[in-house]
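Colleague: Each chain, written out:
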Amino acid sequence: MRHRVCLSVNGKAEEFDVEPRLLLCHLLRAYVGLTGTNIGCDTSQCGSCTVLMDGKAVKSCTVLAVQADGCEVTTIEGLAGADGLHPVQQSFWDHHGLQCGFCTPGMIMTAVEILDRNPDAGDAEVRHGLEGNICRCTGYENIVKSIVAAGAGGTS
Amino acid sequence: MGRYVGTSVKRVEDPRFIQGKGRYVANIQFPDMVYVAIKRSPEAHARITRMDTSAAAAMDGVVAVFTGQDFKDGGCGSLPCGWLVPDTKVPDRPIVVTDRVCHVGDSVAVVAARTPYIAADAVEAIEVDYEPLPTVVDARGAMDDGAPLVHAEIEDNASYHWALGDQEACEKAFAEADEVVEIELVNQRLIPTAMEPRAAAAQWDAASEEMTVWTTSQNPHPIRLLLSAFTLGIPESKLRVISPDVGGGFGSKIFHYPEEVIVPWVARQVGRPARWVATRTESQMTDSQGRDHVTVARLAMTSDGTFTGLDVETWANQGAYLSTFAPLIPTALYITLLSGNYKMPGVFGKVHGTLTNTVPVDAYRGAGRPEAAYLVERLVDLAATRLGRDPLDLRRQNAIPKEDFPYQTPVAFLYDSGDYDRLMATAADRADYAGMRAAQAEARGEGKLRGVGVVCCIEASGPAPSAVAGSLGSAVGFWESGEIRVHPTGQVSVFTGSHSHGQGHETTLAQVAADELGVPIESVEVVHGDTGRINFGMGTYGSRSACVGGSALVRSAEKVRAKVLKLGAHLLEAAEEDVVYDREAGRVHVKGSPDRGKDFGELAFAAYTAHNMPEGMEPGLNVVSFYDPANFTFPASSHICEVDVCPDTWEVRILRYVAVDDVGKVINPMIVEGQIQGGVVQGVGQALTEIGSYSDDGQLLSGTLLEYAVPRADLLPGIEVDRIETPSPHNPLGVKGAGEMGTIAATPAVANAVLDALAPLGVSHIELPLTPERIWRAVQAAGNGA
Amino acid sequence: MFPSQFDYHRAASVAEAVELLSSLPDAKLVAGGHSLIPAMKLRAAQPAALVDIGRIPGLSGISADGDSLVIGALATHAAVADSAAVQGGCPMLAETAAAIGDIQVRNRGTIGGSLAHADPGADYPAAMLALGAEVTAVGAGGERTIAASDFFVDILTTALADNEVITSVRVPGAAGSAYLKHRHPASSYAVVGVAACVGMDGGNVASCSIGINGVTGKAVTADAAAAALCGGPASADRIAAAAAYVGEAFDEPLGDLYASGEFRAHLAGVYTKRALALAAERAG
Ligand SMILES: Cc1cc2nc3c(=O)[nH]c(=O)nc-3n(C[C@H](O)[C@H](O)[C@H](O)COP(=O)(O)OP(=O)(O)OC[C@H]3O[C@@H](n4cnc5c(N)ncnc54)[C@H](O)[C@@H]3O)c2cc1C
Ligand code: FES
Ligand code: FES
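Residue numbers (this note's numbering), protein chains in the order written: chain A, 1 to 156; chain B, 1001 to 1786; chain C, 2001 to 2284.
Derived from the structure by calculation, the hints contain no laboratory data.
Accuracy of the hints is not assured; some may be wrong.
Over 12 Å on every C-beta distance to chain A, these chain B residues come out as not near it, computed from the model [to be verified]:
| id | residue |
| --- | --- |
| 1 | D1052 |
| 2 | H1151 |
| 3 | D1304 |
| 4 | A1585 |
| 5 | S1695 |
Using 27 Å as the maximum straight-line C-alpha spacing, the simulated DSS-like pairs for lysine-lysine come out as follows [what the hints assert, rightly or not]:
| id | chain 1 | residue 1 | chain 2 | residue 2 |
| --- | --- | --- | --- | --- |
| 6 | B | K1089 | B | K1072 |
| 7 | A | K56 | B | K1021 |
| 8 | B | K1021 | A | K12 |
Yeah, the Cβ is synthetic: ideal placement off N, Cα and C, and Gly gets one too.
So here's chain A without its partners, still in its complex pose (with noise of 0.2 Å):
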């Protein structure tokens, strides 16, 4: 049995034949081809697959893609605006808030929710907002610093 999806991805709406048990990460990323989406576990742990759904961070891993029909999802991709880089993009390359790259997606996705939430978020609200993302590479430092310097510096 599979059925049709509807959704738009970074604004551009897209329709899709899919077996119900298509996850969202693998619709983004085999089917729409945007492969900044990462898959780092199977138990919805680590957040590399964040995305935004209908403007909320989300685990892409453990929504099913009929669930996300739709809705609009925002990937890592579509993120920047025509201008260049989102603010916390800019602010995680100024701050050195990644080292393999692998986790950096997801983290920015939550860093844009964290950010929605409290623009002014502190260290510790930041370390506290990151608790469904794992990093193994920076210790979480500088990715916290670059959050809270993206929030500090006015993001959207």
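Let chain A serve as the given structure and place chains B and C with the ligands on it in line with the hints.
Modeller: Below, chains B and C with the ligands without anything else, positioned relative to chain A:
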């Protein structure tokens, strides 16, 4: 100093990562690709009595199903071990087992299907019957009389025995000691958990008979060598191995794994590109794991606190098979570090490498050196307690004085440079150690369990002089290649055998090349990770890229400069002695007359037009160097950690963490700090949260991220990083390794802090990780029931 | 990582969901999917069909009804945590929702799904027990309400029939309440979670209830401890004395690699003390 080296140049690789354009192996996709999935053993030790793949093979969308016998018949050789100490007994490690599984996760059958979903369905549909065999999981227990044998032909499960040091001096030290402290401890099994799960992809070109393999490896050339010579049998000339962007390694992606053979083999069999991506759970049960030592040790000293001897016996769990470099880690990277940063005449250590029904163990960040540091630094704290001395004080008393460098330890290493007293003084200063101790006394007065942990640690990084490695058991050399190809326009491509999986080589090596040649960094591109583009290289591990890979580049740059200088002199119609290569300006000019000169770009172009070359000079501007290091480099660190232990829940809260490191000259301070920070958190993970745990019957109890606790962002409140620099005298950059020091120091720093906090309750030892329950039980056992 | 195959039906109404559940063999509801999908990815759950209730209108509201809050089954953890009505009327419930998982999980997981799943490490059950909540469910036989104390039956087992759908939860407000949790360092679920409600009359504790999850297969109330606190001031000594009774609530504490049953019982005592103290302080 040039324009770039020593400055925090922003990373040039970042734009692709922050925009989701990383090129990881899992992103490789071809239209007619088959997706490989592997049937894994749920048993730790069992004979396969029956396997039925027919239902799987019949499924819609399944392209092929293969068994171990198919791989054997198809010409796949067993996985070799690349480091053999004398008399090592090496168990056979097939790509896919045929009759017997030896650890949970061992591969028993392989499926290729049209989608990963169908491949997973097919794996589930393969029926396997197992007849369980007795298991052994404990490093030391494996050698007990009557312990089940992992491989019948290897008696006692002992793969090797190895010893190093001055046994006589050691015995004398203990015979004459005023005080002796002893410890028995476990350095627990860890699961590296790079965030990118391992993956492999392959494409076979039937016409040219060329195979391209993409793999998540830290060292594509050694993988190509092993594939060609041992496991896959395709000539190196027809085999291209690419490690594109790799999402962290920490050692676990050094080794040659079965899937790197399975995927290209399947691609050739089915005549379609193939890809396999590990699930996290698969990674946790098949990536080589780390640590897992049981150790008994004692430290001898005089009554004034002078260390005189250290005697160590370790049982090192190697798992079910010998992973690529497994025997290296507990021998030449562990026993050799037991002298720590201290002057001690009588150091002697022996190790038994044992086989068990567990996932193979190999290098994991620090690899042998954290095991040594944790042991030595715990013993030093016990010594301080015994003598009633301040632990920092006792360390400073015994530290090798800076005048004694180069310093020959009793365990083979010749430390190149260091200033451990200044290192500790800097850490004490930065942490306000005296203030911390005063605050601790006050906190204790209020009934708090406050602890301060201090360590001074050593690392050997930048492996290794090839001849030394060879004499210690290596099957390969540990030099590095570095090519500088100056293009006619003056643009520069740097080809390095080192591999970045997060370390930022595209930036740091560009900094080095730009300064060496005097060109803008924007005109330098660093290429790595592709055997089709770069010269044979050894890859990245053991914090070697700057020391060895960077040095190879410096050598190449020297040769480029020499040629450019000669060409410049010729074109300027001056004698070679009368011109200079101005590295600030990237220009060759007549001495004293900067105007009479030619830019680097002009000279590069001239080298390629070759219209007017000096007598005997070949056209082109392309240089390769192979650099074999003269020695390891020896970074050192002093970390101080302050903790509170909650007297109710027994949770540990880190209040402050100060890391002062000496990694020699620093190419990019921002990147080095990042390495230290990341390293520290991994070390704290070992101290507080991480353990790869097996049940007696070999089940991995922490096989998913639901159980295996990788540190999260809130484990530490922050890390204060500082450094001193004692340049390494034997490499042209003066650098030492920076990738592992943080991890090595952090585990004992936190452990010492927690045990310091618990000292008033009579607790002197708890096995890692220091989880609330372990602390609670230790406190109860010490008679302070709570 | 790859769920096995199933059929998918999106229900437009509760009635349709009940109908589908009744007629399809081995069908399961899916709401936020944050318990079910992880289990399906590991193939620990392999339902033949999913009935998606996520789009049924009217099931996600949060409203005050007198002193109680009525929370729609589809209200996400984030919606509960952020709701001004919840924060005002029952701070402990907002606190509980905010303690679940992480930002991403809270954006998807629902209160109905959490209660129906009845995970021993879930956070809501303790709060439901302490607050005396009532679960409203609709099945083939119509609507019924189930008291929280009857709802949790065993590990991953509730009083719901196979074809019943939770539509809402009624939670009495309680100002003097608190939920505290010892978070598992890997999974983030509750190793122990204690919800406490304290009602003061004059200087004395007039009413008290305690719910605890994480320790045993299902969430339990610690009635002896709660009773011991009533009838006197909420002093540290009396709280400690009351918390000493917590162990009586546990038949068979569960253990895992991180914390044994014995240690969980110990933690339950500690967190009970803390939750009671905080609840009493909030009760004023
Ligand atoms: C990474 C991660 C961390 C988590 N951490 C925590 C934590 O710390 N604390 C915690 O409490 N939880 C935690 N959870 C679980 C989370 O709270 C889930 O959202 C919740 O348990 C289930 O809600 P759901 O809507 O996602 O349900 P689903 O997964 O959709 O369904 C769960 C079960 O309930 C049934 N069901 C769903 N809705 C209804 C209904 N209305 N009526 C009847 N049956 C229904 C389904 O059939 C299924 O059996 C975590 C989950 C993840 C993925
Ligand atoms: S891949 Fe989604 S949480 Fe790990
Ligand atoms: S940068 Fe490598 S996992 Fe975060």
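Colleague: Does the claim that H1151 of chain B lies outside the interface with chain A hold up, using a Cβ gap greater than 12 Å?
Modeller: holds (31 Å)
Colleague: Would you check whether the claim that A1585 of chain B is not at the interface survives, using Cβ distances to chain A and the 12 Å cut-off?
Modeller: At about 29 Å from chain A, A1585 of chain B clears the 12 Å cut-off, so the statement holds.
Colleague: Please verify whether K56 of chain A and K1021 of chain B have alpha carbons no more than 27 Å apart.
Modeller: Given pair K56 of chain A, K1021 of chain B holds - Cα atoms ~22 Å apart, limit 27 Å.
Colleague: Is the Cβ of D1052 of chain B farther than 12 Å from every Cβ of chain A?
Modeller: holds (25 Å)
Colleague: Report holds if the minimum CB distance from D1304 of chain B to chain A is greater than 12 Å, and violated otherwise.
Modeller: Since the minimum Cβ distance to chain A is about 39 Å, D1304 of chain B lies beyond 12 Å and the statement holds.
Colleague: With a cut-off of 27 Å on the C-alpha distance, tell me whether K1021 of chain B and K12 of chain A pass.
Modeller: holds (19 Å)
Colleague: Does the claim that S1695 of chain B lies off the interface hold, with its Cβ farther than 12 Å from every Cβ of chain A?
Modeller: Its Cβ never comes within 12 Å of chain A, the nearest being 20 Å, so this holds.
Colleague: Does K1072 of chain B sit within 27 Å of K1089 of chain B, going by the straight-line distance between their CA atoms?
Modeller: holds (22 Å)
In this structure, every one of the numbered hints holds.
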